[in-house]
Amino acid sequence: MKLIQCSLLIMVSLTLVSCIPTKEIERIGVITSRGTDQIEDGEIETTLMIYQFTKKNGMVAMPVFGKGTTIKGALENAKLESNFDLVEGKIQLELYGMELAKKGIFPYLDTLNRDARLPDSMYLAISVPTAKEILTKDEQSISNNVGEHLHGIIEENAPDHPIPPRITLQSFLTKYYDIGIDPTLPIIGIEDNIPKIKSIAIFRNDKLVGEIESKYLLLFKILEQTVKNDKFQLSLPMKPFEKYLKGYRKPSQIKDGLHIALGLVKSKEHSSLVDKQNKLFQTNITLDVNLLEISESIDLSDEKSLTLLEKEMGKKIEKRAQEIFARLQEMNADSFGYGKIYRMKQKNGKLTEKEWREIYPNIKVEFNVKTTISRHGSVD
Amino acid sequence: MEINSNVKSRLQFPAFYLFFIMYGAQTGVGIMGVPKYIFKEAKQDSWISILLAYILLITIVSVMLVILKQYENADIFGIQVDIFGKWIGKLFGTIYILYFFFTLLSILLNYIEVIKVYLFPTISSFSMGLLFIILIIYCVLGGIRTIVGLTFFFVILSSWILFPLYDPITRMDWDHFVPMFHATVPELLKGTKATTYSITGFELLFVIYPFIQNKEKIKLPLFLGLGYTIISILIVTVISIGYFSPLDLADIDWATLNLFKNVSYSFIERLDNLIIFEWMMVILPNLVLHMWGMTYGMKRLYKISQKTTLYTASIITLIFISFIKHDKDVTMLTDSIAQIGFWLLFVYPLILLPIVLVKKKMRRPRAEVKK
Amino acid sequence: MRKRFRSNKQSDNVFPIAIDELKQLVQDNFPNNPDLAFSIYHHNGKKMAVFFISYMVENDKIEKYILGPSLTMEKEWSTQTLLNEIPLSVGKTSTSIEDVLYGLLLGKVFIYIEQEKEIIEYILLNKEKRSLEKAETESLVLGPKIAFTESLITNLNIIRWRIRSTDLVLEEIMVGKSIKREVRMIYMKSIANETDVNTMRQRLLDLDVDEVEDSAVLSQYIEDSSSNLFPQFDTTELPDRFTYAITKGKVGLLLENSPSGIIAPASLFSFLESTEDLYMRWQTGSFLRLARFLAMFFSMIVTPTYVAVITYHFEIIPTQLLLSVGESRASVPFPPLIEALLIEFMLELLREAGARLPTKVGQTMGIVGGIVIGQAAVQAGITSNILIIVAAMSSLASFTAPSYLLGTTVRLIRFPLILLSGILGFIGLMFGICLLIIHLLRLTSLGTPYLAPLYPLSLQDFNNVFYRLPFNMENNRAKFNRPKDLVRYSAKEARKKQDIDE
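Quick mapping for you: the protein sequence lines, in order, are chains A, B and C.
Note that the UniProt record's numbering has the first sequence beginning at 1, numbered continuously upward.
Note that the UniProt record's numbering has the second sequence beginning at 1, numbered continuously upward.
Note that the UniProt record's numbering has the third sequence beginning at 1, numbered continuously upward.
With the rest of the complex left out, here is chain A (with noise of 0.2 Å):
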């Protein structure tokens, strides 16, 4: 009797639910990634990467593309075109224009924070010259979808190469919440007609400040976290070596310096405040490498030289940090957090945004690093 009273009730209640709509995969375009460019003022213009299924062709990817104020607005718009419901539950990478990046990203990412359907780990990405170039740049090599290949970039090198550290929407947001340091994105730029990433985009708050070229890539991700298992190419000077040279070649051969090729296992970063009158920050650097390759042969059974080519490499890293920081000293752009270290040393533990824009410019950091050869091959 009861079984007959519950499943009345259950068909009572399916009658009145079939009002959820459904998304079925072959009916809805899947975007995977968003490209978002500034055309007019105020005017933004989205290119979607979407996925879609036919009968016909199986699995297609193509663009669309909507005009608008909002992105929700730009995304309604392009719905216009498409046959297909765009649904943004797969997100992957969203791209922003240069221009648009340097009025500042905030108003549209909002979206994306409030929409609760959205997932929270795709990737941000700032691109040269507008997205939609990058978007839909037709080419033979890359697979069949310009965002997927992107995101691939991203996520996949992420752990061995020297790219920026991967930013979620999550991890942007909550740099760019916190005070006292800012987020950083990778940009990404046309080299060969292949998208690739090109360098590291400094922000201030939401806004595009400045650039550091990719070579610095990889020191840049040491400052800012543990980094393990990648490699790296030093040049140093010839002369302090010159005395460990095992003589296949005489010094005066030597033109153009020592090159060596280094394989890191670990890197250790640490950062505190020293002299808090002074504003004076130390960075202590430990990293842990394995000789790859050296240009020249330098007689490392010595436990002297060996101790030499150590100093030497930390000397030069060093200067090259001090290179780093100078530059975003310039832009006023926090991207290591200096300013959370300060705010944990005051003593109600807070510090506005205004006051630290101030006091950056000024700080100063000391770089101390520390490198250590654990291995130097099957050869001395």
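Derived by calculation from the structure, the hints in this document are not laboratory data.
Note that this is a predicted model, so its numbers are computed, not measured.
Glycine included, each C-beta is placed from N, C-alpha and C at the ideal position.
Misleading hints may appear alongside valid ones.
Residues from chain B that keep clear of chain A, each with C-beta distances beyond 12 Å, as calculated [as the list claims (entries may be wrong)]:
#1 117
#2 252
#3 253
Subject to a maximum C-alpha distance of 27 Å in a straight line, what follows is the list of computed DSSO-like cross-link-like pairs (lysine-lysine) [as the list claims (entries may be wrong)]:
#4 B:69 x A:347
#5 A:23 x B:325
#6 B:40 x A:350
#7 B:8 x B:116
Per the computed footprint, the stretches of chain B lying under chain A, defined by three or more beta-carbons under 8 Å from a beta-carbon of chain A, are [as the list claims (entries may be wrong)]:
#8 165-175
#9 239-251
#10 257-267
Chain A is already provided as a structure; the job is to place chains B and C on it using the hints.
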């Protein structure tokens, strides 16, 4: 009415299940959004507020136990009638029942709100409510044995929910907690008060007490259950504070759910979607226990059969659900419930205790005289 | 029913009676029955009637042992002398005509000497039965293959041989009002829980039906709640499974003319136990048992999940998978709900056809259905590849249940779940699962909770339900059967360890 309720021994269950009942009754929709409310008050020291809440909880529950122990086998309805007399006692009992009802309503409304925001914006509240009501009715009809079983099962089946949180833990920024111990005492207490909505549910002990078989072993499972709730809230809050930046967290309605948004595995992505459905299992014990408390209370107070109350309350709930549509109404209802709950559950037992003790002392000499 | 039968005994005492009258009486009760043999013999002035139903008895035995000795007898015929002279051990006397009439149906031979107070009866039952065969529905790889037959006597014989103990009780109870059948309630006196035994006896005695067709029907008559989906008593055709349950303290029922026994109380998990788990190494046994649990859950959940995901929750599929699923779905003209129902229905048809057809044709059927129709359906664009895989997995998983009844229940549950997920997505699926769990929680089997030992929780009983420990660690019987004697052997003794060189 009788002050002591004589529960048949076949309906009684071992004290061990109190662990699950406490956790099941406490953990519901509150924990979905609690980090925001605690963080608003106590900032980075929220975890202290939560630990304070545990101390408060233990105190209140101990007080409740002392009150209950003064009687042989009584519940709150009987005790109130004994203390305040028939009319006021019944009035207070009715307040409890109404509180149960509105708690149930607020849980349902909040959950439906989550479904609407995260998944189906156009789904009708009524049909969602109906689904839940069917489950509640079917379960409550099975009696206390089924209810305890459901609580036990669903607490176990939903316990995996906290595991995927290891992913946000790896992305946490521990700097958000520095400097520590910075909140003032009033701030901390406000944080504790903000926690109270998420830890209500323990009041069911007042109702379910006569059904416990071995009352001497009640303490361990009881306090462990409360501890489990607090630990869950603690974990969720600490991770939220580390994961979201302070400005952001103050704006996020359901921070706990957002923690899962980034979790993905090679075979499944967007774990937040699954978690929301799994949350049905989290709130069902909550709903069922409150509904049962209501029906049992009505039976104790007014001798109305449990089935009558069950069906009537279900229909009224459905009516309320279909009329409350705006999220601000839901928030308002939740806030008022939280307020009332604070006074009824955290303050009232403290007032009740001395009265019960005094009354008992007064009664003893009289009884001796009679002898 | 039984009581009335007894009370009649006094009232219908017609003896002594004249032979002709008796003949008339018997024939009146079996009108138009040519098989009733009623022969009258004379000897030394005494009249004797011998009557029986010819095909119910062993005719040659009657001639050899009853008619032979009695007709060549020297002494005068009387009830006592006949009982003495006839060389058969099963002779009894009776005074009730009701007993006589009913006894004819049971294959008894009656001898009546005119004007005696009692009638002599001999059971010389001639029952046609098939010989013992291998189990068909519950097949095993290891262990005894013998199965119950329709003959109660044979079945009792098998059970007695398996449990040679005076402790074993085989209580006889008759059920059926107009057509009576013998039921044997079998339990171990010193182990089985008394309440269970009494409840079962009471239910059998209270049964008010015309007839009981089979033990499966009997179990439906006496189960706790008939409005639910799950079988509450275990039915098995394997004597080893039957006796294993009985030695563990359960109550077994055997019905005459039915090749399967009933075991009670059962829990949901006992349907997933196979005695084979015992015959294997304990590691393998545990693994297979756990695999079966997973299979049941998997079987219920997998197709509904597919429907829910494809219809509403594409977000949770990883992108790469989404692309391949999308591609295979693109050519299907129906919504996923219809698609899934269609395929599941087809699989059910295949299964049903396989069960109805003779074994050899059935096998061909499976191959034709599985490969040819499935492939054709995909090519015709009626279903997607992925659904075929999903549906096949789910029905494969449902066949792993050692109990055929539970397997069918699981397959049945799938359909409402598919419907719910098709209409409400994961909400519906979750609703269905919750409803199912509540349903299971409310069930009891002979008063024992259906989900024991999970709820009420009894951790020590998990052994032998969810996994199997090595035998030296199983020193207690399962608590949830509430046996009288919990301890099988002393744990201390089992744990005694020897030093290396001893």
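Comparing the hints with the structure gives:
no. : hint         : verdict
1   : 117          : violated (5 Å)
2   : 252          : violated (9 Å)
3   : 253          : violated (9 Å)
4   : B:69 x A:347 : violated (50 Å)
5   : A:23 x B:325 : holds (25 Å)
6   : B:40 x A:350 : holds (15 Å)
7   : B:8 x B:116  : violated (43 Å)
8   : 165-175      : holds (count 3)
9   : 239-251      : holds (count 6)
10  : 257-267      : holds (count 5)
Comparing the model with each numbered hint stated earlier shows that hints 1, 2, 3, 4, 7 do not hold.
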